[in-house]
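Colleague: The primary structure of each chain is shown beneath.
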Amino acid sequence: MEENTLQDKVEKIKQDTAELDGQIETEKLLSDNSSEFDLEGVVYRVNKPSFEQKQTVNKERMKKLVSLLKDQEQLLEKDLIALYESRGISIAELDTSLDALRKRREDFAEKLGKGLVEKRDEKDLEIYKKEIEKVIVEQDALLMQKSALLDSSIESQINVFVYTYLAYLTLEKRVEEDWVKAFDTYENFLKSDETLVNKATWVTTFVNRTEVPVA
Amino acid sequence: MFNYDTLSSYVKKLAKTNYWQTLYASSKEAPSYKLFKNDTNFTCLQIQFINELGYYSSLYMDIAMGEVSEIVVNNEIYEDAYYYYKLLNRKREIQNKKTPQQQAPTKHQSKGQESVVGKSEWVFTKVKG
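Read top to bottom, the protein sequences are chains A and B. Reading the first sequence from the start, the letters are residues 1266 to 1480 in our numbering. Reading the second sequence from the start, the letters are residues -13 to 115 in our numbering.
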C-alpha cells in the first residue's frame, strides 16, 4: 500500500513536470514569430515564412505533385480508397462512424452545456463528461486508423513534403552574432541530424500551419 | 515534442491563466503592454492564442455575470460544451428573429418565368443623345 502511494506520487510528479515543460515550451513558441532552440551546442531558429518563401514552397509543391502524378505506383486518395474497398476495407464506413460519433458528441455537449448554464449538480454533469470522454477515445482511434490507411496517398505525401520543405527554407543557425541559412540545399537538410529535421519540421507544422496551401 | 492536440491544450491552459488574462486586458488599454516580442506578422499559433485569450476573457465575464457556474473552467470538456451550447443558442435566436420570408429558401426560377424576388427596384437606362 505504502509502495503504491509512493509510486503514485512519483507518477504525479512526472506528469506535473511534463505538463510544466510543455507549458514552458508553448510559451517560448508563442513569444515571437521566430522560434529558437539549441541542439548540440548550436542555436537554431525557425522563422515565420516570408511571402517569397511561401511562393517558393508553392512552386516546389507543384513540382512534387506533378512528379508523384507521373509515377504510376503512386495513388491519389480517391484511388487508394477504391483499392481498399476492393480489399474489403471501407473508408466510407469509417466516415459514417466518425459522423455518428460527432453527432453523439454534439448531443452530449449540448446537454452538458445546458446543465452548466442551469448550474446543475456536478455529479450530473460528470455523467455527460464521461460520455464525451468515451466518444473522444473512439473518435481518436478511428481518426488514427483512417490517417494510417491514407498515409501513403499522394495528398498525404505532399502534406509532409510542404512542411519539411518549409522547415528547410526557414531554418537558420547562429554564427557568432549573425543568423545564416542552416542548409544550402534541401537534400543536405534531409541528410542532416534526424533530431534537427524533426524539431524544425515540428515547429514549422505547428507554429506556421495554414501559412501555405497543402494538398 | 508533443502532438497538435496537446499543443492546443497548452495554449488554452496558458490563455486562461490570471497572468495572460491581465496582460491581455492591459494590452487592449495601453499599447506598452505587449503580448509578444513581435507587434505584427503573427504566426498561426499566436493568432490561435489571441483567439483563446478573447474566449476566456468572455468566459470569465459570463462567470462574473452569473450566467454560468465557475466550475466551467475546471476542465476543457466543460468549457467546450458551454461554448457549443452558447453558440447553438445564439444560432437559434438569430433563426427565430428572421422573418418567415427570410427563412424560406429562395427558389430558382425556371426559364421564361419572371422572377420578382431579389430583383432591383432601380432601373438604369442608357441616356441617348
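These are computed hints drawn from the structure, not numbers from a lab. Glycine included, C-beta positions come from ideal geometry on N, C-alpha and C. Be careful, since some hints might not be right.
[As the list claims (entries may be wrong)] One-sided and incomplete, this derived list gives chain B residues near chain A with beta-carbon spacing under 7 Å: (1) Y(-10); (2) Y(-4); (3) N24; (4) F35; (5) I36; (6) Y46; (7) M51; (8) V54; (9) S55; (10) I63; (11) Y68; (12) Y70; (13) L73.
Colleague: Does each hint fit the structure? Answer for all of them.
Modeller: Hint by hint, here is what the structure shows:
Taking 7 Å as the C-beta cut-off, the interface hint given for Y(-10)/B holds, the closest approach to chain A being about 6 Å. Satisfaction of the interface hint for Y(-4)/B is found here, the shortest Cβ-Cβ separation to chain A being roughly 4 Å, below the 7 Å cut-off. Of the supplied interface hints, the one on N24/B holds, with its beta-carbon coming within about 5 Å of a beta-carbon of chain A, less than 7 Å. For F35/B, the interface hint holds, since its Cβ comes within 7 Å of a Cβ in chain A; the closest pair sits about 5 Å apart.
Taking 7 Å as the C-beta contact cut-off toward chain A, the hint placing I36/B at the interface is violated, the least distance being around 10 Å. Violation of the interface hint for Y46/B is found here, the shortest Cβ-Cβ separation to chain A being roughly 14 Å, above the 7 Å cut-off. Contact between M51/B and chain A, as hinted, is not supported at the beta carbon level, the nearest pair being about 12 Å apart and thus beyond 7 Å. Interface hint status for V54/B: upheld, as the beta-carbon distance to the closest one in chain A is roughly 5 Å, under 7 Å.
Given hint, S55/B at the interface with chain A, holds; its Cβ is 5 Å from that chain's nearest Cβ, closer than 7 Å. Evaluation of the I63/B hint against chain A yields a held restraint, the C-beta minimum of about 5 Å falling below 7 Å. At its closest, the beta carbon of Y68/B sits 5 Å from a beta carbon of chain A; the interface hint therefore holds under the 7 Å criterion. Because the closest C-beta pair between Y70/B and chain A is about 5 Å apart, less than 7 Å, the hint holds.
Violation of the interface hint for L73/B is found here, the shortest Cβ-Cβ separation to chain A being roughly 9 Å, above the 7 Å cut-off.
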